[in-house]
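There are 2 protein chains.
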Amino acid sequence: MEINAANISAWLQQLQANICAALEKADGGAVFGEEKWTREEGGGGITKIIREGQVIEKGGVLYSAVEGVAPDFLFKENSHSAMDKGTEKPQFFATGVSIVIHPKNPMVPIIHMNVRYFETSDGARWLGGGIDLTPHYIFEEDAKFFHQSLKKVCDAHHAAYYEKFKNWADDYFYIPHRKETRGIGGIFFDRLKDGEEMGFEKNFLFWQAVGEAFAPIYCELIARNKNKMYTEQNKQWQLLRRGRYVEFNLVYDKGTKFGLETNGRVESILMSLPKTAGWEYDFKPEKNSAEEKTLALLKKGLQWAE
Amino acid sequence: MEINAANISAWLQQLQANICAALEKADGGAVFGEEKWTREEGGGGITKIIREGQVIEKGGVLYSAVEGVAPDFLFKENSHSAMDKGTEKPQFFATGVSIVIHPKNPMVPIIHMNVRYFETSDGARWLGGGIDLTPHYIFEEDAKFFHQSLKKVCDAHHAAYYEKFKNWADDYFYIPHRKETRGIGGIFFDRLKDGEEMGFEKNFLFWQAVGEAFAPIYCELIARNKNKMYTEQNKQWQLLRRGRYVEFNLVYDKGTKFGLETNGRVESILMSLPKTAGWEYDFKPEKNSAEEKTLALLKKGLQWAE
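Chains as they are written, first to last, in this note's numbering: chain H, 1 to 306; chain C, 1 to 306.
The hints are simulated quantities; they were obtained by calculation from the structure and are not laboratory data. Some clues are possibly wrong.
Copies of one chain are not kept apart here, so a pair can be met inside one copy or by any two copies together.
Stated by the list, open to error - Heads up, simulated DSBU-like pairs for lysine-lysine below, C-alpha to C-alpha not over 30 Å straight-line:
#1 Lys89 - Lys275
#2 Lys36 - Lys284
#3 Lys275 - Lys300
#4 Lys179 - Lys36
#5 Lys254 - Lys299
#6 Lys254 - Lys300
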């Protein structure tokens, strides 16, 4: 396909549809509801929400394509644009798919995925995205499978991408005040463009591959864990882990902050939050418990892939 | 009493003890646990936490008194200090009591109170504080009682304070992305000092009166509401209102942000968060329901006191 705004939007809408179909099949119960919205300044989106499924308690698969006068933040790290030359502000176009899935069973991990494309009327364009996993309980074989799958996607496109984007995810999904990572990371990248690492066209193929990797990886993790038994204590721990997820998203996540500060669509931005979350004063897991073992693995720099 | 750091700290510790005793009596079940902590850079605090009471599900009454090299933020709005004169950074001393109480019964409101005192080694000193109420369901007679009580405290010290500090609370406890206030407000003030409105000594008496007003006001609100019946639906609504409380505290509250950014004691800072909270995509209360009526009253500028 020719790489242009219309084709990318169409591809992302198809990706959204494919992922929702795969998740509905994996859930085996609920189906996604759909809400279309438009944005006063230009563009809009399709928000697909699933709730109270057999596996998924609350989740969203969001597509959006918005445009308008480019906000300053777009150019802070981008020296290709008219902003630096003191001329008129360019128009921007941004499109992407964002996913957060909160499962009911604490043995099934929370997952987040995002692929996004930006372009401006003065010729700049770039890609961003990533997939990261937040298990309530870390199972080493699942963590290895997850990272190995992402490494395979990266390796097929650029030998340096897995390590680079894995470290980027470790740094991004970090909660400084807790000195913990949000989960076991994954890959995260931003501002991939022409002339960096490899040509835009090749980066675009990598970016598409990340989007397409989401459903098979997460459906496998669901299949592995959805029938595991759990106790009331496991549910309590899930609430606390979800509390940390809320802390990360509301205090640190750049997309969330930007959305709230720029009068974005609140219900779409905050679809990432779980149905329930909890906090307990100074909670310490029992010695040698599964909870303590999980906490010990919420660190930067662990190597899960071979 | 002479107004100095030692006397103020002692008074605040006594206030903490008195408030905990009053809350334990009002709860009729749980008692406060106590944890003393020290801060590497100087000072420390006493964190008192109550949980799983008859009335109070999770709450904290925190005393702290810390000191060290004054951080820049202290001087942004303060022109009395050495910072502006380019000389050496002064030392600071800060002490205060902070309270957040999350009740079990959704008919009992959440309450927050804070009184704080700052001074610097180059002679600046000021007072801050306030009390605000976050009912899950707004009962007009309670809202009137609450604001009337605060107005009485203010009026006894300065004719302009209630209106001024009530408006300040409306502005402070606002969630822009929701276009809602966190609750029904109350009073909020900061940087009360010498030469403003009235002398420091008179402001100090007002500040003490705010601290002392907390327990009788909240115990009355507990007594009025603790035996009210509630349904599962009321509990669900409580979760959503607590979700908004979490959004305010993590996204906007200056004390929380400052604490997290400056490596404060996390468990003390985040004691304000509820035991559980919830989010539901695009929740809309039923027409003419108690929930809809409460939402309609979460606005700035409502007059509850006469």
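Query raised in the report: So which hints don't hold here, by number, going up?
Result: As far as the earlier hints go, only 1 is violated by this structure.
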